[in-house]
Each structure stands twice: as C-alpha cells, then as structure tokens.
Amino acid sequence: MNNDIPKTQICFSTENQMVNLILIRMLKPQQVGYFTITNSSKNDKWDNNLVNVLGNEILINIPVSDQDVLNIEKLKEIMLNKLAEKNLIDKQLLWNITGGQRYFVVAAYDLFRDRVGDVICYLEGNKNEITLLRNEEDGIRKLPNITSDIDITIEEAVKLMGFKEGKAEPDCLIKFKKEAPEFRIKKFDPENYLTFFEKFLGEEGLRKFCLQMNRTNDKKDKYLDEFKKLIKENSLDNIWELLGANKFGSFGKVFEFMVGAKIFDIISSTQKHNISEIAISREVTFADKKNSDENNTKFYSIDEFDIAILTRNGKFIVFECKTGNMAGDVAKSHRYSTYAIGGVYGLPVLLVPLTRTEITDLNESRAEDDIKNLKRAINAAKRAQLEDWSIDEIESNLIQKFNLINEENKTEK
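First residue of the sequence shown: 1, per the working numbering; consecutive thereafter.
Just so you know, nobody snuck in bad clues.
The calculated DSS-like cross-link candidates involving lysine-lysine, where the alpha carbons are at most 30 Å apart (straight line), are:
1) Lys-86 x Lys-28
2) Lys-142 x Lys-76
3) Lys-382 x Lys-253
4) Lys-232 x Lys-222
5) Lys-272 x Lys-142
Now the in silico label distances, taken between C-beta atoms and shown as ranges:
6) Asn-52 x Leu-80: 28 to 34 Å
7) Asn-145 x Gly-117: 18 to 24 Å
8) Lys-7 x Lys-272: 28 to 34 Å
9) Glu-387 x Val-116: 42 to 48 Å
10) Glu-136 x Ile-72: 22 to 28 Å
11) Leu-80 x Arg-376: 55 to 61 Å
12) Gln-400 x Ser-268: 17 to 23 Å
13) Lys-382 x Val-51: 36 to 42 Å
14) Arg-115 x Gln-67: 24 to 30 Å
15) Leu-80 x Gln-271: 45 to 51 Å
16) Leu-80 x Arg-356: 55 to 61 Å
17) Lys-372 x Leu-70: 51 to 57 Å
18) Asn-71 x Gln-31: 24 to 30 Å
Read the hints as simulated data drawn from the structure, not as lab findings.
The C-beta atom is built at its ideal place from N, Cα and C for all residues, glycine as well.
Please build the complete structure, drawing on both the sequences and the hints.
Quick look at the structure:
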C-alpha cells in the first residue's frame, strides 16, 4: 500500500456504510474516527451496523450535534476541537468523504486544504477506484488511483444495513477464493443443472412444457410425472433426487438452481473476475424484529433473494427468478432490499425463463395462457424499476456488469 497514505482515517456516518467499509478494508488504517450526528436515531443505527461488522477495536466515535452542522465555519471549528479531544489532531489524516452528508464533505475538504500532509479520498463506484489527493507544501498532488478489492461476505453486506439472515444458511453458498471456489451446498449440483439449462435454452418446446408445470393442482401431477421422466431420459436423475417430489411443487425451484449453475459456470470459467460470493435462496430480516409466535424465536422474514451476487468491490446484484406472476409489492420489496444493502452499488434484476425474442413477442400480445403471468411479472418489475433479463442474455450481461475478462472478450481496463 502507498506509504503516502496516513494510518488514521476520518469518515462520516452514512446510510450506505458499504463505502466506509470498503475504504477501511482497502487502506487498512490503524484507527478510524467517524463523525456522527448524536441526536439522530438513523445515525445511531448506521453506526451500530458498522460496529457490528468491524468491531470497536479501531473505531473512534466522534459525536456532533445536529445544531453544530448549521454553519460550515462553526462546524469546522467543532470538528477540530473534537479531533483534539480524541488525540487525533496532530496526526496526518486520511479524509474519506465518500457518502457523507454535504455539510461534512464541505467542512472536511476545507480542513484538508489547511493541513499539509493530509490526504483526502473518494470511492468512485462506477469505476471501482479510489481517488486520492495529498496536500503538500507546494500544492495538492494527485496520488495513483487504487482499485477497490476487499474480502467481504453477503452476511457482512446484510449486516451493514441492519438486516440479518433469516435462515442459518442459504440453499447454496459459493465463496470464490484465489485457489478455487469453496462450496457450502445443501442441494446444488452445478453439472446436472448446467446440462439442463443448456437443453432448456436450446429447445422452445421444453420451455413451454416447464412453464405448464405452474398450472393448477389438478394438472400438476401429470406434469411432474412427465418432468421426472424427462430428466431421467437425459441422465439428470440427480436433479430429482436433490429436490425430491415433496419439495418440488413447480418449476420455480429448478429454474433458480439451473440459472445459479449457469452463473457459476460463467464466473468460474472466467480468467479474471471480482466475484466474492454467490448465494441461492437467501432470506433477510430486520435484525431487531421477530415473529410473535414460538416465543419470539423465529426471525421475521422481509425478503428472500433467489440468487444474490456480491463482488469484491461491494456491488450487490439480486436476481428474482420468476416462472409465473410477481406482485408489484414483491418487486418493490426486492428493489428496496437490494438498494438498502448495496446502496448505489445495488442492482435488482428480474430473470424469466424466456429468450429476448419471446419477451418481445409477449409485449406484442402473444398471450398463451402459460406465459400471461410472466408478462404481468415483467410489467411489475418495470414499474418497480427492476431490470429484466432473458435467459439468453445472462452471459453477455454478466460480462458487462462485472467486467469479466476472457481471451475472447479481453479489453483494456
């Protein structure tokens, strides 16, 4: 790490604590002073969320009243006094102004300009780069940018926004390491599901058949029997064994796992990527809210992510895999939860078991009974401002969103 970067970092409490976590993990300060508004319940929660992930060892809370921020000159004086109280005033400081409220950002920049030897930094989310400026005797000098790349888990990203996992484990968790991916699997078989995905993508008749499995209960048994026969004929017995007829019920769960297998295959076969974790069927709850039943021991689930991807620079993408209808409130819930956890780095996506051509046909009123509900789901997603992806766009969209690098698509960074 650059020796010009001070070991004492100053940051500001913000709803999107991901930006503070990234800068702390990347720049490895010995201590972190973080300014917060004392009489704000929101700020209290934000602070607790950061402490829950980082602990108290290096964090130094610097409280400021909401009345202190009304005048910038007064705020600057108060900030200097507070830094002196915490024995930080005589240290060279690294000012992280990413995500802070405007008054803190303005005051921090003014103080930075008055203090030779200090560095100011900002995380540019779109470029995944940390911009740094150093105040020197002869003026302000730009330091080399640093690409953000940290060890982070989905569990930590959830905690940063005051959420908690609703289940002990998701159905599948894949943690990518430099040596090889590490699986924690309940019922996930990438090879079998990938084979089924490729067959599903290539055959329109199979897609129609699988969607018919979401019909009413009086016809469901017929389709389940035919589906079981289909996967046996294609030597995909493990799919049925892993799910079991009693857990199956419809095509939805199979679709989740086959998409997860495809995403895993794309990422694991990529020469360069920055994916930290993939989880399938991940529940989140408010950390301080529980159900009223069973002696308050069950957490109250507010959302379940079919597939969640977290990158090593804090980008959080959630896929809602829909084989039928999706209510508008569900779409809005996914959008809220994704942006809450990922902030500006969050992206909620609706993924449907159709090609882009078939989705276009839907919009042109090709309205067979089995896919009418998918049209409603797509419309609900658009109203909630979710992106919608087709199954034949998964690879190209992943390459674009995550800057995946292979020989065939290598570009200059």
